[in-house]
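> All chains should be built: construct the whole structure from the sequences, respecting the hints.
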Amino acid sequence: MELNPSAIVGIGVIGAVTFYLGFHSSRLANTTPDFLVARRIVRSRRNAAAISGEYLSAASFLGIAGLILKDGVDSLWYAVGFTAGYLALLLFVAAPLRRSGAYTLPDFVAARLGSVALRRLATVFVVVISVLYLVPQLQGAGLTLSTVMPVPAWVGSAVVVLLVTVNAFGGGMRSITIVQAFQYWVKLVALALPTFVLIVVFVGGHPVAASLSADSPPVFAHTTSVAIPAAVEVHEAAPVRVQAYGLVNGFQNNGPLLMNPGIPYKIGAHATLVFPAGSPTPTPSDSPDTNAAWLRPQSGGVSALFSTYSLIVALFLGTMGLPHVLVRFYTNPNGRAARRTTLHVLLLLGLFYLFPTMLGALSRLYTPELLVTGQTDAAILLLPGKLVGGMPGEILGAVIVAGAFAAFLSTSSGLLVSIAGVVSTEVFRGRVRDFRWATVIAALVPLTLALLLPEADISLSVGLSFALAASTFCPVLVIGIWWRRLTWVGAAAGMVVGGGLVLTALVLNIISEYTGAWAPWPVVQPALITVPAAFATVFLVSLCTQDRLPPDVSRILLRLHAPDPLGFIKDRDVARFGPAAPPSPVDGRHHR
Amino acid sequence: MSKHADGPDGPPADDAQRPATAARKPRRKRVVLNDSRNPVTVVRVITELEEQTSVGEALVRNLVRAQLKMALWLALLTTVVFGSLPLAFYLSPRFGESSVFGVRLPWLILGVLPFPVLFAIGLLYNRLAERHEKDFVNMVES
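Chains as they are written, first to last, in the working numbering: chain B, 1 to 592; chain E, 1001 to 1142.
Below, a list of computed lysine to any residue pairs in the SDA-like style, where the Cα atoms sit at most 20 Å apart:
hint : chain 1 : residue 1 : chain 2 : residue 2
1    : E       : Lys1134   : B       : Pro565
2    : E       : Lys1069   : E       : Ala1058
3    : E       : Lys1134   : B       : Ile569
4    : E       : Lys1069   : B       : Arg485
Source of the hints: derived by calculation from the structure; they are not laboratory data.
Here is the structure:
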């Protein structure tokens, strides 16, 4: 698409600062505990900013506004769920998880249940969840870069992977903590500032083509030419005469086309549609068509209701099972600090999520063409240019693009470090050198997948990784922390059942995407079924295998729950890899 | 390459040369009066907890039960508050179309209100959990 020099400057600045901060703090990192858990000395305020910075991914920054543009008020559940997940984490997991003294998620299950087999299984799921989460981040980076620069999508993905790998390679957890804390504030400002400006412009009387409560679809304000990047299926609410160039319903069309209501139109890739000013926008077949339906909650019938509940279950319970979030909790000094960190995170996330809602609603008014192209994730990237013309619009757009890049960078680096931490300690021997090799491997696999797999809505694919986390690690963590009769067999069975069901749904979903989107709601959003199934399996199998109880279960539970001043925390990374060396005098050189 | 490769005990100290230097200059020693990370507590009760005597075990069980009960109550509260919303919107379209100050009520309820509510519940939990733990520590130390 068109070249936006200020946006490229914005990306450059974010990349340079990220690299500088990471490089600067990598001088302090020289031991395995540095690389894995930042020596467990991160204070709760900075840790909360780092957790929020890492957590606010492309799905939050771009995806929520895009889904609001398409599906309306029901998409707000994403913002609510992304935040509420931390309340569940605070209530059931935060402090005991830190007190376990573990340094990765597999290490926690091994500490609690003492099983090598379970440890391996947990390793597999950590890698699967993280990769599943990384792929949409990289695809989002590709999309973002290609909206401001005429480059193919893989360039953006590769740039992000390169930057993130270099940082994680240099200092692991120690160096990405400060990078992520910084990037939370970048993202907040990059979303808040344009929101204020655009709201002022909007309230100041910017012309609106159709009211948001009108009983009609959004309307094109000007004659608009829309290039379709990949095949889409849309329908019209009223007859419209457009100019169509390309494949429509399987026939080549090179001129006027009358689009009638009630008929699905399959528009082929690389087609171009030209809509006259004032014509209603065609909408995707599975979304509300009129603005009135868009404004109303739960307008999609019973299956949409179940789908909403399923999403709520996945998001509320999925956060506590995300490996890259949990690994940050190990960096707290003690259990009480872990709780305070979580509370801070609730504050920071609540602040952030006010803004995507407003931008999503504005984009329904000003960027309706994205409904036709299906690239709704680009909504907030294009919005400033539509509302504010000329140089100011370009600069606002650049600010948002820079924020989006911060989102890709911070989430990807968190995921990369969590994969690398697990792989280096479970597969290799956990030396610093192993961590570096694991980083490179962990970067290349998702990059390959991001280039091979088809692009879906970022929030939807991220939603599936939440469902996977909620059906595997959430039951094991919650039950393991609070119930002394859990056995490793029960935990393993629960993870296999929950994880297996979600992965089956994932595969069915991909097949259905290719063969006409026939999948019912339990396939698209399976958590409402898989999470209870996983919990039930863990309980039942544990009760049947009580002879496998770990012998020192009372002592382990004591360690998880005893208040910090009693001093029961024993850090397992220190026990395995030796104590962190005292900070070496900083003289500007790397100590490795 | 990396320092931890030397193992937990650190590099072997060069004790052979130390007495000679120590004779001239007394070695600097670190005196710890009160390390806030590992406060000194009553050793007897802690050993009781570690040794898993019946008293120690009952104490811990009580603490865990109290914390779990509180967490479950607050989780139930959150579930009822948020879980009832989609059903309410579904059953009552009038509720879903009502508006306050020109803004549709569902947009306010889902777009703004959840965040302070979630934070308030979290704050309440934190207060209560820390109080439970403080009571426990006081009981153990007295």
